[in-house]
Amino acid sequence: MGRAVTIAACALNQWALDFEGNLERIFRSIDIAKHRGARYRLGPELEICGYGCSDHYYESDTLLHSFQVLAKLLESPATQDIICDVGMPVLHRNIRYNCRVIFLNKKILLIRPKISLANAGNYRELRWFTPWNKARHVEEYFLPRIIQEVTGQETVPFGDAVLATKDTCLGAEICEELWAPNSPHIEMGLDGVEIFTNSSGSHHVLRKAHTRVDLVNSATAKNGGIYVLANQKGCDGDRLYYDGCAMISMNGETVAQGSQFSLDDVEVLVATLDLEDVRSYRAEISSRNLAASKVNPYPRVKVNFALSCSDDVAVPSCMPIQWRHHSPEEEISLGPACWLWDYLRRSKQAGFLLPLSGGIDSSATACIVYSMCHQVCLAVRNGNADVLADARRIVNDETYIPEEPREFCKRIFTTCYMASENSSQDTCNRAKLLAEQIGSYHINLNIDAAVKAIVGIFSMVTGRTPCFSVYGGSSRENLALQNVQARVRMVLAYLFAQLTLWTRGMPGGLLVLGSANVDESLRGYLTKYDCSSADINPIGGISKADLKNFIQYCIENFQLTALRSIMSAPPTAELEPLVDGQVAQTDEADMGMTYAELSIYGKLRKIAKAGPYSMFCKLISMWKEICTPREVASKVKHFFRMYSINRHKMTTLTPSYHAENYSPDDNRFDLRPFLYNTAWSWQFRCIDKQVNAL
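Residue numbers for the sequence shown follow full-length UniProt numbering, beginning at 1 and rising by one.
Keep in mind that the hints are not guaranteed to be accurate.
Below 25 Å or equal to it, Euclidean Cα-Cα: the simulated SDA-like pairs (lysine to any residue) are [to be verified]:
no., residue 1, residue 2
1, 222, 182
2, 34, 321
3, 637, 691
4, 106, 155
5, 528, 642
6, 348, 392
7, 624, 634
8, 410, 383
9, 606, 670
10, 624, 684
11, 452, 467
12, 134, 187
13, 689, 634
14, 410, 378
15, 410, 342
16, 208, 557
17, 107, 19
18, 528, 596
19, 410, 437
20, 208, 122
21, 606, 672
22, 166, 3
Hints are computed from structural coordinates only; laboratory data are not their basis.
Start from the sequences and build out the full structure, keeping to the hints where you can.
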């Protein structure tokens with residue numbers, strides 16, 4: 001009797017609409033799975049076309065090319081003698097479904113449509129797909145001719161069914177279904193399904209991995225069974241980074257763990273497990289067995305194939321392991337670094353340019369690029385031929401081998417300190433020292449001539465010359481003069497990004513990196529179209545508090561001692577005149593709130609769904625030891641005024657790595673108006689009434 005089954009879960013760095021590249025990576029994963037003895041290969045969600053196709057799902061081309069790729073897979077000898085489970089969109093009776101297509105030896109066994117669609121936060125699946133609402137129901141799907149010619153089948157089963165092989169029973173879930181309160185694995189397990197598969201397109205958020213791991217392990221803790229999760233990895237064309245973490249669990253315990261952050265385009269996790277362990281685990285759970293005796297059965301698709309061998313008694317099984325979680329600082333070091341690498345190589349640019357101010361935010365961005373260089377050198381050292389080929393193409397040298405992070409950084413990373421008459425020597429020195437320690441190509445320049453020229457044009461046209469407030473100017477003049485400096489820096493950043501390599505006799509251009517953190521964006525503490533306007537921003541979804549902890553991590557792990565003075569300096573924009581050569585302007589004084597308070601406001605506004613009144617009610621309890629109700633009311637009103645006045649800036653926010661669930665990203669995550677009645681008269685009156693009552 002066969003007992004030991006060998007199964008493979010794949011984490012693939014698929015790219016939206018890259019059908020050729022996606023096919024190659026799928027083939028590679030199948031080859032690896034077969035070589036390691038697997039009899040079932042599971043890939044990530046919508047892996048054929050790539051998860052992030054968005055409105056391209058509406059196009060018939062996307063469906064056509066997906067079927068063309070499927071035909072290539074079906075007819076290839078590489079897919080023989082292994083059950084392959086791939087993801088693609090399918091049109092059934094004029095309705096688009098997000099599907100798994102499961103096939104064996106040139107025959108499609110089942111097309112299983114997704115039942116619960118992800119439609120919150122960054123996900124909009126209901127925009128493109130319809131959930132399959134016919135539980136335990138199967139229909140005939142008429143295959144397109146391109147597939148019929150390969151399989152010889154005219155129709156195949158389409159719907160909510162499970163596979164019955166010669167030795168076990170398998171049921172599929174797709175991503176969100178694991179997170180749903182009525183996950184299919186519950187009823188499937190009661191109906192005798194022993195192996196659950198889940199193909200995911202799950203993105204990275206700081207401190208999220210443990211939730212996914214807990215859900216997978218709990219799926220089989222109560223009901224017994226084997227749970228196999230495959231996930232997309234990498235940047236497939238937008239703000240999200242899919243973080244792999246393929247895993248295999250049995251009876252509530254993890255038995256195999258894939259990497260969360262890696263530059264490997266293809267990662268295959270293989271485990272051999274004993275089916276008798278599932279059966280004996282279930283045997284003693286009487287409550288489960290009573291429920292199972294009354295369950296409504298699933299349609300079973302019979303498969304004349306076994307996942308085990310008849311003489312496998314001596315085959316060793318995988319044992320439980322302890323899941324190793326990354327700290328938030330490690331996640332910041334690795335996740336955005338991998339995202340940057342994908343963006344760099346896929347955009348076919350020659351590197352990055354960063355306006356380096358000597359403050360925490362731009363320094364953290366520089367450290368993430370340096371971490372990326374570390375990851376590239378490590379991958380090459382470990383024999384990753386894809387990374388080596390990409391690195392050679394980026395630096396335009398077919399013989400180049402990236403061996404040392406600082407040396408690679410010098411080739412692909414340019415930092416630029418843009419001084420003005422309001423900049424201190426301290427920040428200039430900090431930026432220069434950090435650039436030396438990470439190895440970037442560093443430029444010092446002064447923007448005063450450009451600023452004076454622009455203000456001079458204004459003065460010539462109007463006959464008026466604006467002044468800073470310290471010289472008697474109004475607040476309007478003061479702000480306008482600060483904004484001119486900030487916007488000049490953005491223009492110069494793009495000029496240097498386009499032409500710096502030209503001046504060095506090197507081909508290509510540079511991607512401009514932004515460095516506004518999530519808290520500043522929420523408050524709107526940035527100039528519209530200043531250096532926060534860039535091509536991409538690796539820290540735009542990360543809080544100031546987390547960035548400070550990350551800086552400390554870099555001091556300890558990368559030995560970047562220049563960061564010590566950056567950590568100790570108060571954050572400042574350095575846009576107002578110095579006083580006795582010293583910085584007088586600070587971020588928190590300008591904002592009228594601390595970064596710690598901003599994080600709290602952000603979480604309450606987005607995650608707790610709190611408007612002004614609800615936020616006030618929550619904070620009078622949270623801050624009762626440090627603030628009176630009247631002080632809390634004043635803080636809440638100030639935040640919402642500033643937030644609503646500046647919300648229009650979010651419409652032009654640089655595409656940022658999504659890392660926090662209170663991100664104000666206006667693109668699709670945080671959908672709000674950008675023209676508010678900033679008086680909030682009704683809401684603030686409710687707060688005042690409550691303050692008076694208290």
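Which of the numbered hints above does this structure break?
none
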